[in-house]
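Undergrad: Spelled out, the chains give:
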Amino acid sequence: MATHAQAAAHDDHDHKPHGWRRWVFSTNHKDIGTMYLVFACTMFFVGGTMALVIRAELFQPGLQFVDPQFFNSMTAMHALVMIFGAIMPAWVGLANWMIPMQIGAPDMALPRLNNLSFWILPFAFTLLLGTLFVPGGAPAGGWTMYPPLALQGGDSFPMMIFAIHLMGASSILGAINVVVTIMNMRAPGMNLLKMPLFVWTWLITAYLLVAVMPVLAGAVTMLLTDHFFGTSFFAASGGGDPVMFQHIFWFFGHPEVYIMILPAFGVVSEIIPTFSRKPLFGYESMVYATAAIGFLSFIVWAHHMFTVGMPLAGQLFFMLATMLISVPTGVKIFNWCATMTRGSLSFEPPMLFALAFLFLFTIGGFSGLMLAIVPADFQYQDSYFVVAHFHYVLVPGSLFAIIGAVYYWLPKWVGRMYDQTLAKWHFWLSAIFVNVLFFPQHFLGLAGMPRRIPDYATQFADWNMVSSIGAFGFGFSQLLLPYIVIKCVKAGSKAADRPWDGAHGLEWELPSPAPFHSWETPPSAAIIARGAEH
Amino acid sequence: MTRTMQKSAAALIGCAFALLAAPAHAASGWALLNMPEGVTELSKKIYDLHMMIFWWCVAIGIFVFGWMIWAIVAFRKSKGAVANTAMVHSTKAEIIWTLIPVGILVAMSVPSARVLIDIEDARNTELTVRVTAYQWKWQYQYLGTDVGYYSTLAHESNTARQLQSGIDPQTVPNYLLDVDHPLVVPAGTKVRLLITAQDVIHAWWVPDFGMKKDAIPGLINEMWIKVDTDKTGRYRGQCAELCGRDHGFMPIVVDVLSKGDFEAWLATQQATVKQAAAPATAAPSIS
Ligand code: HEM
Ligand SMILES: [Cu+2]
Ligand SMILES: [Cu+2]
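Residue numbers (our numbering), protein chains in the order written: chain C, 1 to 534; chain Y, 1001 to 1287.
No lab work stands behind these hints: they were computed from the structure. The C-beta atom is built at its ideal place from N, Cα and C for all residues, glycine as well. Any given hint could be a false lead.
[What the hints assert, rightly or not] Sample of chain Y residues facing chain C (criterion: CB under 8 Å; computed from the structure):
hint	residue
1	Ile1046
2	Ile1053
3	Ala1081
4	Val1082
5	Asn1084
6	His1089
7	Pro1101
8	Gly1103
9	Ala1107
10	Val1110
11	Gln1162
12	Leu1163
13	Lys1213
14	Thr1229
15	Gly1233
16	Glu1241
Generate coordinates for the entire structure from the input sequences, incorporating the hints supplied.
TA: Below, the structure written as structure tokens:
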């Protein structure tokens, strides 16, 4: 308790700058975390608006609202904004807020780098969103940027590439900071196998980021030189190979999908034990499973390109390796189920989101397994079935985990409790509409509807209409999130230091709201021991 | 609006069950839920594989979702459940739920590998058609003959699909799935398609034939189809790789004729080409 008092006392001496300087020059992990989260939320609504343009056009057959070229821009931009602008920055924001608090550190190891990695993002996205206003329109070759199509882009093409370079730089700096913080700033006694799973999953995620963001940078740079400097890395006419781009891209791309989901595994591994009032089942196997997934994610990339025409041996290898990923993924799901078994469960908003994650991510895992079966993938590939798959793993997967994390830690961040009834409304609306939105897309894909088309044959009309209704329902329900958060910050009731009775971990040993500098003095061994009852 | 929503919700639930109950063969609308079985040797194998994994997933799903629901219902704090905080680890359980999935994966991968090997066996084909993709049309050339032509979106669909055309797509027959000149192939014959592209990447996909293949500039991909002799008729598909503005508007239509009809058709085409070429021998042929 001594630390409590100390930390609280110190709070009064925080020399935090005021006004805009506090944010622009910030080197504080909490302020930077907040900026990341606000940025992610903004981009989430920007990307969401684009998705609604897409779903409005697909509400009925025929072209009602937008030109096909603009439609293609919307699909490409929606994906880029959601992946690089919403999901990834949200995870970095949560890492900023939570990692120092969870490992008993005062702040991130490299605070100025932290400032830089955040402030790169607004520039990157100004550039990216700026493409909407240049001649020729925004990038329209998909977020995957396959050449030769991507090379047909107009002025938006170099802008997109520089934006991606900036995002990549930001991610790499953020990841380095996470690695250095976790490796060097843990409180004495907080050894690796005592770390909470959110920290563990982020550590592995950070290594994935450092490994693959430069690969993406290389791929898009080669695109750039193909376009402007006469190289022909990807042009068959010059001795290059368009398929090589896909190999390089997916060598980045598949680990990238795990970059977006591993921290979600971490969050769910915190929330489920808390609301089951029981330690996480199989902590060590969870760590090993995460590491196994991280490793496997490097050797499965070609499952995104089974239809390009690979040798039989290659197809078999990538099929088997991909199927193998479902083993550690299964281990995780079983461990979460076992955590709940013989627990004492209550269903506060964070738990609700974690449970929806558990159910719906599993559905995405099933469709993933189906997609891994090469002959069947020859049918599924580039159809709406794939769209359904990745949205099940990304929306009720990554996004629900992010929302769950916000509802879990918000009382700690601001020292106030949010309106839980409203948050439950947010949950039920999201959970119902997300299925109305994405489940029918399985049917559409299996029945033969290709992805990335602005208009479709009339037999696809019924399920497209359902999906669009789900989209608008889901989109508008999300407005509750900023409303609930703002209401909480302004007028929430005072939250206890440990607002969830089952919560363990060092963050709950700090007062609510957490002091500006988290652990000025490292937590004592006793506190660590209490916190480490995973 | 609420009407539609109620209807949709009801339909959604109904169809989820329908999907479990029976693979739908049906033609359109709400009943279009599953992959078509298709009409080729390979498409049926692929369909069977798809259903096999689907049922595996259903079985695993019953177990996993059953466990989740049981845990959620049985261990509610509100019903007085007390946590057993000592239950944190079991090496035995970990081994079991690692090994059983591995076993299931092996059971899935063996038949998958078999089908894949069949798919890759493109020997002994009797007819070769070269398929070339362009933004935004297909070109079909019958190798060894002078027959070759382009295949583009049918005029009626093309008019209706313009932005705010005012034409109701429901009134257009085979909206977006109709072309001016379909590909023609014989049934009961192993036909080899050599697929490539001239500008950007496209993909040739007819769901009833079980698969798609990318059309990549500078590369020639191979794919074969053998339509059942009793399955003559017209089959439709679409380009399946984003290829620019009109990616959604380059459908594929294939007329499958009996062997005899096909020979007759090819002969007529040959004759027409010869006739056309006769007066001006310099006219370039596209093969
Ligand atoms: C059991 C684990 C999983 C397996 C076996 C799996 C398998 C696959 C396969 C084979 C594809 C390629 C499908 C195709 O294009 O034909 C695919 C696509 C995709 N997956 Fe997964 N997946 C799994 C989990 C995940 C997770 C956790 C995420 C992200 C959170 C994810 C995100 C994606 C995305 C974004 C795509 C589509 C990329 C694109 O084409 O734009 N997947 N998955
Ligand atoms: Cu992948
Ligand atoms: Cu296309």
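Undergrad: When the hints from earlier in the document are held up against this structure, which numbers fail?
TA: When the structure is compared with the hints, numbers 8, 9, 10, 14 and 15 turn out to be violated.
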